[in-house]
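J.: Each chain is listed here by its residues.
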Amino acid sequence: MSDKFVVGYDGSVSARRALEFAVERARAQGGTIVLAHVLEWSPYSFLSASELEERHKRRREEMARAEEMLNKTVVAELKDAGMPVEVVIRYGSTAELLGKIASEMGAVQIVVGREGQSALEARIFGSVAGALVQTSPVPCTIVP
Amino acid sequence: MQQKNMFAALAALAVLSAAPARAQSIDETVNQIFANSTGWFVNLIFSNFPGTTFPWIVAWLVIGATVFTLYFGFIQFRAVGHSISLVKGDYSDPNDAGEVSHFQALATALSGTVGLGNIAGVAVAVSIGGPGATFWMILAGLMGMASKFTECTLGVKYRNEYPDGRVSGGPMYYLSKGFTERGLPGGKILAVLFSIFCILGALGGGNMFQANQAHQQISGILGAYPGWITGVIFAAVVFAVIVGGIKSIARVTEKVVPFMGILYVGTALIIIVMNADQIGWAFGQIFAGAFTGLGVAGGMVGALIQGFKRAAFSNEAGVGSAAIAHAAVRTKEPVTEGLVSLLEPFIDTVVICTMTALVIIITGQLVAGPDGNYLLNEAGTAIQTVGGTSGVGLTSAAFGSAISWFPYVLAVAVILFAFSTMISWSYYGLKAWTYLFGEGQTTELVFKVIFCIFVVIGAAANLGPVIDFSDAAIFAMAVVNIIGLYFLMPIVKRELNSYLARLKSGEIKKYN
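Here the protein sequences line up with chains F and V, keeping their order. For the first sequence, the numbering used here gives the first residue as 1, with consecutive numbering after it. For the second sequence, the numbering used here gives the first residue as 1, with consecutive numbering after it.
One or more hints might be untrue.
[Unchecked claim] DSS-like, lysine-lysine: derived pairs with alpha carbons at most 25 angstroms apart: (1) LYS57/F with LYS177/V; (2) LYS493/V with LYS255/V; (3) LYS255/V with LYS57/F; (4) LYS57/F with LYS504/V; (5) LYS493/V with LYS57/F; (6) LYS493/V with LYS509/V; (7) LYS4/F with LYS100/F; (8) LYS57/F with LYS448/V; (9) LYS509/V with LYS100/F.
Hints listed in this document are in silico derivations from the structure and should not be mistaken for laboratory results. These numbers were taken from a predicted model, which means no experiment stands behind them.
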């Protein structure tokens with residue numbers, strides 16, 4: 001079985017750097033890439049009645065849009081480059097889900113970029129990288 | 001869109017400066033026309049049993065709640081622990097993340113019910129029915145949990161799921177589909193009747209009552225001015241949200257409303273604790289008043305009628321409205337949403353309404369005579385209050401007597417509650433409207449415009465006719481809905497028994 005590298009990918013520049021880093025390692029080890037895209041979601045957020053009505057429809061649309069975004073850009077690119085890639089799209093909290101996806105898929109490592117928040121911002125709003133480091137079930141690389 | 005709003009605001013300002021005498025007469029005219037045109041409907045709903053002073057509609061609600069409570073074996077007490085773990089998401093499939101959760105359905109339904117009924121309605125109950133009304137209100141809240149369970153289970157079971165992924169449900173769907181499934185006639189007729197009453201309820205309790213009380217609250221602080229001005233401003237904002245789809249306004253209220261609810265309950269608790277030595281006395285008044293009336297007009301029956309009426313108006317159990325909001329939840333088991341929904345009357349009535357009543361009683365707003373019985377006002381229709389206040393004004397005075405600046409916070413809370421209730425009911429009304437007239441942009445727009453017009457009428461009319469019509473419309477919904485629930489409750493029982501058996505056998509498991 002080849003080594004799987006879970007990459008938290010949201011299309012940002014920092015995620016792009018994380019992906020490049022992971023691809024390099026995967027190639028060196030004969031591993032594969034798992035692109036994990038998390039749509040931030042809390043089951044405790046508040047929706048109006050008409051938003052409830054449309055939630056299922058919206059979710060389908062959001063999933064389709066995310067899948068298309070990933071397939072059109074990075075997935076095609078990685079496949080052309082001969083790198084095997086799987087895509088996972090989930091709803092929830094990013095840090096929590098990246099860890100979960102890694103354990104479910106038996107990945108060897110999680111790679112994420114970082115937003116470059118100031119220490120104060122991270123303290124107030126929390127940072128995905130920070131939370132992930134604390135909870136990740138597998139080794140975790142944060143690409144600056 | 002924005003230009004239209006600007007125009008409405010400018011128009012309101014322009015007329016604001018016009019002669020107040022003429023404006024006052026507009027209010028009076030609106031009031032007169034309104035009272036005349038709705039009187040027969042109100043009389044029909046609130047007519048008494050022949051030879052008594054007991055309105056049949058109150059008996060209808062009490063009997064309904066009692067039947068459901070007994071039929072489901074006190075489900076509201078047996079299942080509360082499980083209800084709470086459902087809301088926490090213990091039984092939700094993680095793969096369904098991003099769909100409507102139990103918590104979200106409950107929160108949305110609550111935002112439609114927690115509102116002026118809890119603040120103004122309770123004040124009306126206590127000032128007309130005396131402290132004893134509180135006892136009956138709590139009892140009605142506890143029993144109403146079973147009604148809510150029944151209707152919300154059905155709401156999910158018979159909802160419509162459209163090919164594009166939208167979900168919509170409510171009494172009109174379970175009445176028609178459920179009756180067909182059981183081979184009973186008349187489901188369609190009940191569904192149509194329900195829809196008509198739901199539209200009236202949306203325009204009455206979900207709209208005019210809210211606008212009316214919001215105006216009373218604002219003018220209590222700014223000084224008297226014509227009600228239709230408040231109406232026009234409110235209508236413009238409601239229009240912006242429901243027609244213009246300006247989500248930002250709705251979002252702000254959504255964020256602030258739960259906070260206001262917590263602030264309200266918290267403050268009430270503080271006032272109650274500040275008067276801790278009076279708590280025993282207050283409960284004494286509540287119990288004594290429940291069975292004797294303590295001199296209130298109508299005695300014990302008067303207290304009971306007020307308690308049950310205001311509880312039903314506040315938590316809407318048996319009315320069917322909540323089934324519309326709850327229907328969108330993502331679950332394979334309709335019973336789970338029923339179990340979640342039964343928390344609603346508890347939070348709304350047993351907790352929040354009781355807080356309001358306790359604050360009014362404890363702060364001594366009701367004037368008692370030397371014999372311990374309450375004194376009535378000059379008209380003999382309600383208990384004398386310290387400042388001659390009624391409705392939301394009474395609650396405001398009660399909170400203000402303990403915390404002088406709280407009426408300002410309360411005013412903001414009232415306006416926000418009124419607004420969020422209007423938005424919720426505009427949706428319920430719209431669902432009933434589209435059930436009758438079909439979906440489509442034009443038909444939907446017609447309803448939304450009518451809704452906004454009624455905001456103005458509600459703010460301009462007097463409290464009396466507005467509250468009568470609001471009650472009548474909401475209770476008319478309950479008449480139709482509860483008939484349906486009687487016929488459909490065996491289906492709910494089957495679902496419940498099957499669910500509980502599978503829960504016990506371990507077939508239904510917690511996810512975490």
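J.: Work down the list of hints and note, for each, if the structure agrees.
T.: Cross-check of the supplied hints:
no., hint, result
1, LYS57/F with LYS177/V, "holds (23 angstroms)"
2, LYS493/V with LYS255/V, "violated (37 angstroms)"
3, LYS255/V with LYS57/F, "holds (24 angstroms)"
4, LYS57/F with LYS504/V, "violated (34 angstroms)"
5, LYS493/V with LYS57/F, "violated (31 angstroms)"
6, LYS493/V with LYS509/V, "holds (21 angstroms)"
7, LYS4/F with LYS100/F, "holds (14 angstroms)"
8, LYS57/F with LYS448/V, "holds (23 angstroms)"
9, LYS509/V with LYS100/F, "holds (20 angstroms)"
Checked against the numbered hints listed earlier, the structure breaks hints 2, 4 and 5; every other hint is satisfied.
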